[in-house]
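Participant: Going down the list, the sequences are from chains E and V.
2 is the number of the first residue of the first sequence in my numbering; add one for each residue after it.
-12 is the number of the first residue of the second sequence in my numbering; add one for each residue after it.
Derived by calculation from the structure, the hints in this document are not laboratory data.
Fair warning: this is a prediction, and the values are worked out from it, not measured in the lab.
Treat the hints loosely; a few may be bogus.
Stated by the list, open to error - Simulated coverage check for chain E against chain V, where a stretch passes if three residues somewhere in it have a Cβ under 8 angstroms from a Cβ of chain V:
1. 106 to 117
2. 143 to 149
3. 165 to 171
Ideal Cβ positions, reconstructed from N, Cα and C, are used throughout, including at glycine.
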Amino acid sequence: MTTSDETAPIPHALGDVVITMRQVNKWYGSFHVLRDIDLSVRRGERIVICGPSGSGKSTLIRCLNQLEAHQSGDITVDGVALVPGLAGIESVRREIGMVFQRFNLFPHLTALENCTLAPMKVRGLSRAEAEAAARTYLERVHIPEQAGKYPVQLSGGQQQRVAIARSLCMNPKIMLFDEPTSALDPEMVNEVLDVMIELALSGMTMLVVTHEMGFARRVADRVVFMDQGEIVEQAPPAAFFGEPRNERTQRFLGQILPAGRSGATAG
Amino acid sequence: MSYEFEFGEVFAYWPELVAGAAHTLVLSTLAMAIGMVVAVLGALAKTSGPAWLRWLVDAYIELIRNTPFLIQIFVIFFGLPSIGLRLEPDSAALLALVVNVGAYGIEIIRAGIESIDGGQIEAGKSLGMKPLQIFRYVVLKPAIQAIYPSLTSQFILLMLNSSVCSAIAASELTAAAGDIQSRNFRSFEVYLVVTGIYFILSCLLWGAFAGIEHAFLRRPSRR
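Excised from the complex, chain V in its bound form (with noise of 0.2 angstroms):
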């Protein structure tokens, strides 16, 4: 048990972990964007869509919840370029993400728009609003507000799912790690160090995440 540690040998490959935690933060930042408009749609597909869209909208749901995000890379990776869509490992990986994250994310916002009252939407119907214009204007925002905290979490899980990723060898945080590794063999120093950087990216978005709240959810106080 005299291990020594040296993480000057990680430290050496700075410019490597920079981008690979770059890599993550925008592969997971597009496919959160990206899924909040699949959650979205898939959310008003569920709550008033017809019978055969809800269908659809719950087998999709059902089958990624339901399977593991690994297997779901490799479908997208290696088995797609069987019926002749072949991508590469990055634009693999985000779609693998927004596919994965869509199917919470549709959950979530469903419940947060089965959580706004019956009321506010006749309202907006006695208003002569539109079904879409009240989904938008009346319904959105409210629900949003509800179910942030859920929703943020997922993200936060997102980013964290992203190390997966590695699997196809997209260019993220944990492939970088490991291809640092597989070079200098200071694998327990590499992986300590890129714990800590998960640990910080964590952190950034929860920051990010309290600041659009602030400045675009804040609900009104009684006072």
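So that you can see chain E by itself, here it is in the shape it has in the complex (with noise of 0.2 angstroms):
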């Protein structure tokens, strides 16, 4: 579906490790969203999380910045220990970008001052430096001209694309991507899947839940299955779409695949 399918993986370097789950565990109510997942991202990692709906997916990267709390386990993230209610999380949040699959820009802002409020307000930067990183981001997604508009005057894709440009103007370590296509139409996801490509390119450590397949291709390193919030498989690209071993995972790629691309033909 994306122009990228056909290319190559790009390759580069693993750092460190810099995210680190251990036999995490949580709970809606009586509903058991995580289970015992297990999970370490090194610096520069490129992490597709795929799974049908209701699987944990976005929940998972979601407590990695404690948007959501969880019950038990261990997160650590840049060296941070994440234990529900921890005092000065906000510092460790400024570190991690998110991008929301409803874009979930601040309506009363125009794009640019959606880029400059928290490098102003959190980092302490003047006006005029934040300006002329959040110009410099917004050309980084190839929407300068639209800095001084709206978000309800700009189209979805726009908007995501300053939605990237915002989180990456607190210049994160690390970047969540919560479905950022889904709520596209379908004209608009490769101009925002070609930004986060380029992201990919720059060495960003990236964690994104998609279903966009051609994506996980191109850019992981790793994709990730998820199912009754577990994770069910993990492996590279080639292998996770040339021989899926799990018989759900199998169930689910012949379910969003199309016909002919699914098993030993993708990748």
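Put the complex together from the two separate chains, hints included.
Facilitator: Following this line, the structure appears as structure tokens:
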């Protein structure tokens, strides 16, 4: 579906471990949404998380910046152990960018102001510094000319690119993407994926919840498949798409990949 | 039925009417400004404060919304001196208006806060903003934009309600009118003129509110 389907994966080097999840569990009431999650991510690594809806993949990445609290197990991000109610969680969050399915831009602020708010209020940058950085990042997501527009005046694809620029303005060490293209009209998906691919090329550590398997093939170092709150299987894209071992993975791939593209013909 | 209007006898007192109108305007504007602070803080407490504080704010709101304004003024002006707090009529009037409009304002602003999409608050959190920063920079303005018409209606009501403060002889328009008609015995004319003045004051306030909205709270249009 994407233009990047046929391209080879992008090679790169990985650093030390920056995220560790050990035996992480979470419940919503009696619903067991995360079960014994073990995951470690190295600096510069690109992880794509996929799975049926309700499998816990969004919850997993939302635990990494504690938008959701986990109830047991250990999560360490960039050397900080995340415990529910951690004082100073803000100082962890500002190093972790997050892009949401529904963009979540601030509607009363222009694209530029969306990008400068947190750098000024959280990082203490001057307006001039923050605006210079914001313009650089708006340029990087290919919409410098939209800086003065309000979210309501932008298309979905443009809004999502502003949201990516807004996160990047904080100079995060890690970027989380929670189904960044699911709320977009089909013709706008690629403009967002292209920006994400460019970001991957720059060496950013990325965890991406998505069903864009073309993106996974091209960019991911590892594809993580979740079902019913568990990590069922994780493997590099070639192995993941080429020879999925678990029966649940096979069934999922059979459902989401177009006929003739699943199994050994993919990748 | 052959009443002869003598407006001349009212207009002879125009300096007192103007002063009364000015006092009403100042009293109301001050009450709006301070009441707005009460309303925002109260709404913040009610939406994200600890349980005991929310309970306290609820009690305050219910107490004020279910009792007559005149009685609230009397409690402040005649009651408080018994516990050693003696207020001038003007201060008592201001306090009563603030206490009154604050209670209504809290509920209005709370509705605005609750209209804000949770995703924006999550975006603020994910950018490392602290709760009060999120409230101030992410939530407050869109919340006020959303409920601005209700808020300004409440403020107009406050200005009209301030006439009740004449009961404790606060210096405002209705008290001035009472004063004038006790001297010239032209109550019909006096209160007709004062009706007109209140109407004009309302129009002035509506105009000012529209100006504020245009300058600070305009919502971006699609194009």
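Participant: Please count how many residues of the segment 165 to 171 of chain E have a CB within 8 angstroms of a CB from chain V and say whether that reaches 3.
Facilitator: holds (count 3)
Participant: Would you check chain V against the segment 106 to 117 of chain E, counting CB to CB pairs closer than 8 angstroms, and say if three or more residues qualify?
Facilitator: holds (count 4)
Participant: Are at least 3 residues of the segment 143 to 149 of chain E within less than 8 angstroms of chain V when you compare beta carbons?
Facilitator: violated (count 0)
In terms of the numbered hints stated before, the structure departs from hint 2 and from no other.
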